[in-house]
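If you use our numbering, the sequence shown corresponds to residues 617 to 1584, in order.
These aren't lab readings, by the way, just hints derived from the structure by calculation.
With a Cα cut of at most 25 Å, we get these calculated DSS-like pairs of lysine-lysine: (1) 1073 <-> 1021; (2) 744 <-> 779; (3) 1021 <-> 978; (4) 1346 <-> 1458; (5) 1021 <-> 1346; (6) 917 <-> 929; (7) 1379 <-> 1021; (8) 800 <-> 744; (9) 761 <-> 803; (10) 779 <-> 792; (11) 1213 <-> 1300; (12) 917 <-> 895; (13) 871 <-> 917; (14) 761 <-> 800; (15) 871 <-> 892; (16) 1110 <-> 1097; (17) 1300 <-> 1095; (18) 844 <-> 803; (19) 1274 <-> 1260.
Derived Cβ-Cβ restraints for the label pairs, each shown as a range: (20) 1380 <-> 1317: 32 to 40 Å; (21) 1415 <-> 1252: 47 to 55 Å; (22) 1550 <-> 1453: 45 to 53 Å.
Note that beta-carbon positions come from the ideal geometry of N, C-alpha and C, so glycine has one too.
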Amino acid sequence: MFHYPFFSFHLIFLFSHLLCSLNFNFSSHFVSSLALASISVFNHTSSPPSSLLSSLNLSIRVSLIRNSYVSCCSSLLLLFHTLFCRSAQTNTHTDTRSHPAALPRNTHITGTHSHTTFTAWCNSHLRKAGTQIENIEEDFRNGLKLMLLLEVISGERLPKPDKGKMRFHKIANVNKALDYISSKGVKLVSIGAEEIVDGNLKMTLGMIWTIILRFAIQDISVEETSAKEGLLLWCQRKTAPYRNVNVQNFHISWKDGLALCALIHRHRPDLIDYSKLRKDDPIGNLNTAFEVAEKYLDIPKMLDAEDIVNTPKPDEKAIMTYVSCFYHAFAGAEQAETAANRICKVLAVNQENERLMEEYEKLASELLEWIRRTIPWLENRVAEQTMRAMQQKLEDFRDYRRVHKPPRVQEKCQLEINFNTLQTKLRLSNRPAFMPSEGKMVSDIANAWKGLEQVEKGYEEWLLTEIRRLERLDHLAEKFKQKCSLHESWTAGKEQLLSQKDYETASLMEIRALMRKHEAFESDLAAHQDRVEQIAAIAQELNELDYHDAASVNTRCQGICDQWDNLGTLTQKRRDALERVEKLWETIDQLYLEFAKRAAPFNNWMDGAMEDLQDMFIVHSIEEIQSLITAHDQYKATLPEADKERIAIMGIQNEITKIAQTYGIKLVGVNPYTVLSPQDITNKWEAVKQLVPLRDQMLQEEVARQQANERLRRSFAAQANIIGPWIQTKMEEIGHVSVDITGSLEEQMNNLKQYEQNIINYKSNIDKQEGDHQLIQEALIFDNKHTNYTMEHVRVGWEQLLTTIARTINEVENQILTRDAKGISQEQLNEFRASFNHFDRKRNGMMDPDDFRACLISMGYDLGEVEFARIMTLVDPNNTGVVTFQAFIDFMTRETAETDTAEQVMASFKILASDKPYITVEELRRELPPEQAEYCISRMTKYIGPEVALGALDYISFSSALYGESDL
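Using the sequences provided together with the hints, build the complete structure.
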């Protein structure tokens, strides 16, 4: 129950101290502490509410600032009145220790393990100041040893403690310690000075654990991990080589004691014989580790072996506290290990870069050698003499395009990707750029590839031209043979007939007949003049087209021309002879003459018709065959008129027969004026009529072939008109994705990978187009009016698309690699990309120098001409006049990130060499893994200096050479 006299006593006590504070100008903090002490005495159930304490402090501070001591006293009276009313309403009270204070987040300290461990840990530091604690919940209540502990572990001075023994003095000291902990960035949640002063064990252990985390564990850092994860990784790395040790946590992994013994043996193998330890003796192992650590490492015994072994899950925080002492005890050795790790990391990067360089040189040499071997084959333009041989050449060229070239295209693309990746890695590791051997630059390979494609294109055009030429030659040769055969058949025996002198013994009628016969022959001879001219023209064209059998053609043509000239000479001589004797003969049979005159032209017409109906033809389009069909239809339209002429000629012969029969004339022999008989006319006419339907059939077959060719053209054009725009669209989409800033680089990579898969899946359409193209070439189709896309366009576009998607993916991969290696955030990359896109006015992924200057100025750079010229040599080393997005990202990365330097590597070697300017072979093999140690030994030069050890090596020049500052 509440007792008013008790309250009055404390009220008087408070006022007396308040007056003292006014007289001696004490601080408001002292007055507040005085009030808190009285309130705690008054109210045993709990500490003052935080809102009430805040109100008290605010009121007192304001009063003191205004020098209004009366107002300060009034505030205290009002506070006590409120507490009096509050206590009067409660009939019971509880002990302050029955209210557990809140611990830091995720911190629950219970059990005797932590109590014992934390006490030992505190004493390990306090004994440096010549003191210790016996009871952790009692010895820290006045705050003095707590402040002393913080000064020892931090090496800093805390504010002077209050020497009084009253409760408010203790609270003030504990508050100073808690304020110092908070100043180190530690958030104390629900841990107050009152709980510590009251001896709340749970809160006291929570505070000690917070101190351990901040000053013993938080600063532990191993390979970019810190605190608990860093300590665990350190333990795992140190104990990895030891049998029966597998550190996965800070509880059951330490129960058998082998992990602790392994830690000691790793750093001090002279203290423990690890080979004699047994896994089935955990208590012996633990006690061995505790005793050795306390005796030789100055680490007090904080744990009990029996408690650890008999507890299913030992206290994690107790073990972490104890293990952290080992980490700090071995900090010097850890520094050497860190230096060795840095050197291993640098050497591993250097070895990987050398491997990539060798791989690039090998791949470049193989590709250039293949190009060197292929170009002479494509430059071989020795034409074959037959169509079959040229078709085989074309098939070999198709095999080259389908089988041999695609893998090389992929190798060329991979070579560019490897080169870009290598250069990016060199930039990220602060190494000089890779310069391939002479003639093996990416530009050299690109030029060689361009030369290969030019030769390849010329070779294909030559093949097609040669095939057209051979096709034309075969057609002309066949036509030449046919016309020569017809002409030779006609001229057979003509020279003998013209050389006869039968007119010397002939009668008048026979003379006249011979004369008329000769006139008919002259007419026939003139009609055949056109055929001779055609033969000569065909022979000349065969010579111009370099026909392989031109010699035999020329021989045959020359023979025909010589014979033709001789026929002309003989014809003129016979005519002169007949004209001399014609005057001796006067009678002539007009009907025979009429028959001969009309039969000869008709016969020539039929010869020409038969020749035309059997004439060879070659066409390449439906229009051309339709033109031949039209001409043939026109020819068929003349057949009725020709039939009338035949009937008229046959009527003359009928008239001769009728006259002979009428006048009893006996017809002996043939018509003296012509060698043609009515039967000849009839036979040729029947032959002409039989050739007409054959000609119709040939033309219709050619129509069907041309229609099939037209279908092939339309099929190819339909697919090409789809593939061509598709490739262009994909190229534009890839360009848009590469400059898109709405997502992360990983999202861009996923989008690009999806584009790449879609493109790969589209390959079947390209293969089908290749098949259609092969059918077109096999059908000897050389033009296509239905599309502007050729197979060459599709191939080049497809190869460019594959190269673009691969190069874009590689650029994004390099950006990811740059971001991760340099610590560049996604927001920074998006900002860089947005700036680049804004000044990429042509939207082609490149900036002009003026746009680049404007971009840098917009990002805050103060550029002079000299500085801008220096930056341009970095982003445009080849003086192309443009700045690519990748070059821009590389420049911004160098400006915003840090990299390893030669000085850092030198400092690491100096640690391993114990501050000597040289390092020995034994030190390298002891501190570095075997592979990296031998690498350094093989490349370091001998150190030259006074009083050096045997086998001393110069690590300074070696470190400079790693970053291109000198030669290895």
